[in-house]
Amino acid sequence: MKIHEYQAKELLKRYGIPIQDGVTIVDPAQADAAVDQVNKELGAGQYVIKAQVHAGGRGKGGGVKFSTDRASALENIRNILGMTLVTHQTGAEGRLVKKVMVAQALDIKQEFYAAITLDRTKGMDVFMVSSEGGVEIEEVARTSPEKIVKEAVLPGFGLRSFQARNLVLALGLEGEAARQAVGMFQKLYTLYRELDCSIVEINPLVVTEQGDLIALDAKINFDDNALYLHPDVAEMRDLDEEDPAEVEAGKYNLNYIKLDGTVGCMVNGAGLAMSTMDIIKQRGGSPANFLDVGGGANVETVKNGFRIILSDENVKAVLINIFGGIVRCDRIANGIIEAVKELDLNVPVVVRLAGTNADIAKELLANSGVSIISADSFEDAANKVVEAAGS
Amino acid sequence: MAILANKGSRIIVQGITGSEGSFHASQCLEYGGNVVGGVTPGKGGQTALEGAVPVFNSCAEARTETGANVSLIFVPPAFAADAIMEAAAAGIELIVCITEGIPIAQMVEVKAFVEKTGSRFIGPNCPGILTPDEAKVGIMPGFIAQKGSVGVISKSGTLTYEAVHQLCSEGLGQSTCIGIGGDPIIGTTMKELLEMFEADPETEAIVMIGEIGGSMEIEAAQYARENVSKPIIGFIAGQTAPPGRRMGHAGAIVSGADESAAAKKKLMAECGIHVVESPAEIGRTVKAVLQ
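These protein sequences, in sequence, are chains G and P. Its first residue numbered -2, the first sequence is counted upward by one per residue in the working numbering. Its first residue numbered 8, the second sequence is counted upward by one per residue in the working numbering.
No wet-lab data here; the hints were simulated from the structure. Hints should not be assumed to be uniformly reliable.
Said to hold, decoys possible - The list that follows gives simulated cross-link-like pairs (lysine-lysine, DSBU-like), each with its CA atoms no further than 30 Å apart: (1) G/K(-1) / P/K118; (2) G/K184 / P/K123; (3) G/K278 / P/K294; (4) G/K119 / P/K294; (5) G/K119 / P/K237; (6) G/K147 / P/K294.
To be verified - Short, incomplete list of chain G residues facing chain P, as computed with Cβ under 10 Å: (7) T84; (8) Q86; (9) A89; (10) E90; (11) P152; (12) R190; (13) D220; (14) A267; (15) G292; (16) G352.
As the list claims (entries may be wrong) - To be clear about the criterion: a stretch of chain G counts as covered by chain P if any three or more of its residues have a C-beta under 8 Å from a C-beta of chain P, and this derived list gives those stretches: (17) 112 to 121; (18) 127 to 134; (19) 372 to 379.
The structure presented is a predicted model; accordingly, all values stated were derived computationally and were not measured. From the three backbone atoms N, C-alpha and C, an ideal C-beta is built for every residue, glycine too.
Modelling step: build the complete structure from the supplied sequences, incorporating the hints.
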């Protein structure tokens, strides 16, 4: 799960990590009060207006603006709030900005990068820092990987002081800022571990002209498997930032991801679902979605799956590919027949059922009187659905 | 021979009194697997599977009483990490965890713990192990497989069934099929299983089914180049998956260029693996390679 910058900063604050603070608003009518509050409470005379969306590259897309005075701050708030922000992470359609953070502008002397995530290969968390702050870390990794310094955290031991010192030394920090950084890095790891984060990224982490170490931006993602342990974090989820069909699918325990093709897919199992998308593409079609109906597919899941797939107007045909292991194909077939009758489908449906009771299922479909294109194999199914979609 | 599970496996099921646990335990028993008991804390002294096997309070007790050497875990996600460590601490040689949704940070600690004990751990969030005609330690449907000489390693569930189905259609049986799971942290990697299949006289070829995300397929391929003489047929699911999106499995997410399907397939091919482009061609490719 992702959260906004302002929410990530609230969590950093809770763990005693200094942040660039501000006030987040949803309505232009709150602009005056927000600027006043940042001015009075934080003593700021200059401001940074920051779009709050779940996507990186906000600055380049025009979603972060520096304002030297109150009037320009108000103007920037009006411009950013309600704009459609396009960045390399939002896709061409962009993202509507519904919240902005009015933050204090700081005098920055140095910028760094700091992040914690899981190293899957090592099976350990890894704390990474770089002297190249404020730029995309992927770019640094490509062009000058030696500028990224890492410390692996031994499971159960946390980030030890010497490791934090190693990171601080690698950044070339000295004096008061170095002392602050050792404590900050350890607090950051504690936050990451206690809240079951999948990534914590501070980019940039800055040293101000006054010599203070401050998190200027913050990105935190969480392990979905662990959200049940953190109800307060789970409440930070912003459904406005997610695709409505994906949110709807989640309610029925369906795993749906919308894509931009024309062939809807309903499959049991994530690997088979991905493979089904792949083969559609290879046969000249384009998948409209990923949909894993999971292990316990039944009449209800099939119906809900259809509803969600067909909420996408681009869908020209649907492929159902189910390999029945524990799930019995005859039950799935009945579910499909019932769903097709009830939902009054107006697109061709290709069905491929294999595994437990597949023969009985085929007979059921053939005798049902509903218009379904039956397929014998994975390959046959892909060919038929691509043809049916007319692509 | 085969690998990991065979006629000699003595299986206990942790969570045997739950609905998933009891259903699948009875399926394993029916397949001919030697299920010797179950573990549910607080329910020791009862029996499960209609009186067929005893239930114990702990893994240690179950092992002492039954001589179990394999544990199959169906415990709910909030308690599964503890269950895996309990089995490892009790000296169970092979631990297979089916449970989906265990917090990843807990799995990081579990993996480190299990490595200290020397137990072999498969999963979590996987379909388990099937050695045709010998033993089923997991949830794979037994009827789809037949005994033979192709070893199958896969991150997926139903895609494994699909591959096994294709192999059988070509008249090719399997030595052992293993679903290793699609989570970011798993017990046994592809590389380790390649090593085991290479050493298994019954296995003549290996099917390796991976997916986007992580670098396990790359490590396995690099290992195979130097160390595996048997032919490997590889497939990577997720060529059409958009970067940055989690495709069902917690681990199936492209977070860097080298985690994409294209990058993995390229490197696998460079390491001498027969890379299958279409998921419908797995069986036919194995047949062609073996001829």
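Structure-based check of each hint:
1. Distance restraint check for G/K(-1) and P/K118: the Cα-Cα separation of roughly 26 Å lies within the 30 Å cut-off, and the hinted pair is therefore satisfied.
2. Proposed proximity of G/K184 and P/K123 is supported: the alpha carbons are some 28 Å apart, at most 30 Å.
3. Restraint check: the Cα-Cα separation between G/K278 and P/K294 comes to about 25 Å, which is no more than 30 Å; the hinted pair holds.
4. For the hint linking G/K119 to P/K294, the alpha-carbon distance of about 36 Å lies beyond 30 Å, and the restraint is violated.
5. A distance of roughly 27 Å separates the Cα atoms of G/K119 and P/K237; the hinted pair therefore holds under the 30 Å criterion.
6. As the CA atoms of G/K147 and P/K294 are separated by approximately 46 Å, the hinted pair breaks the 30 Å bound.
7. For G/T84, the shortest C-beta to C-beta distance to chain P is roughly 12 Å, which exceeds 10 Å, and the interface hint is violated.
8. The criterion of a C-beta within 10 Å of any C-beta in chain P is met by G/Q86, whose closest approach is roughly 7 Å, and the hint holds.
9. The beta carbon of G/A89 is not positioned within 10 Å of any beta carbon in chain P (closest approach about 13 Å), and the interface hint is therefore violated.
10. A hinted interface residue such as G/E90 counts as satisfied when its beta carbon comes closer than 10 Å to some beta carbon of chain P; here the least separation is about 13 Å, so the hint is violated.
11. Nearest Cβ of chain P to the Cβ of G/P152: about 4 Å, under the 10 Å cut. The hint holds.
12. Interface restraint check for G/R190: the shortest CB-CB distance to chain P comes to about 6 Å, inside 10 Å, so the restraint holds.
13. Here the hint on G/D220 is kept, as its CB sits about 5 Å from the closest CB of chain P, short of 10 Å.
14. Hint on G/A267 holds. Least Cβ distance to chain P is approximately 3 Å, under the 10 Å limit.
15. The restraint placing G/G292 at the interface with chain P holds, with a minimum CB-CB distance near 8 Å, inside the 10 Å limit.
16. Given hint, G/G352 at the interface with chain P, holds; its Cβ is 6 Å from that chain's nearest Cβ, closer than 10 Å.
17. For a cut-off of 8 Å, the count of residues in the region 112 to 121 of chain G with a CB near a CB of chain P stands at 5, and the three-residue condition holds.
18. Coverage of the region 127 to 134 of chain G by chain P is violated in this model, with 0 residues showing a Cβ closer than 8 Å to a Cβ of that chain against a need of three.
19. Counting residues of the region 372 to 379 of chain G whose beta-carbon sits less than 8 Å from any beta-carbon of chain P gives 4, enough to reach three: the coverage restraint holds.
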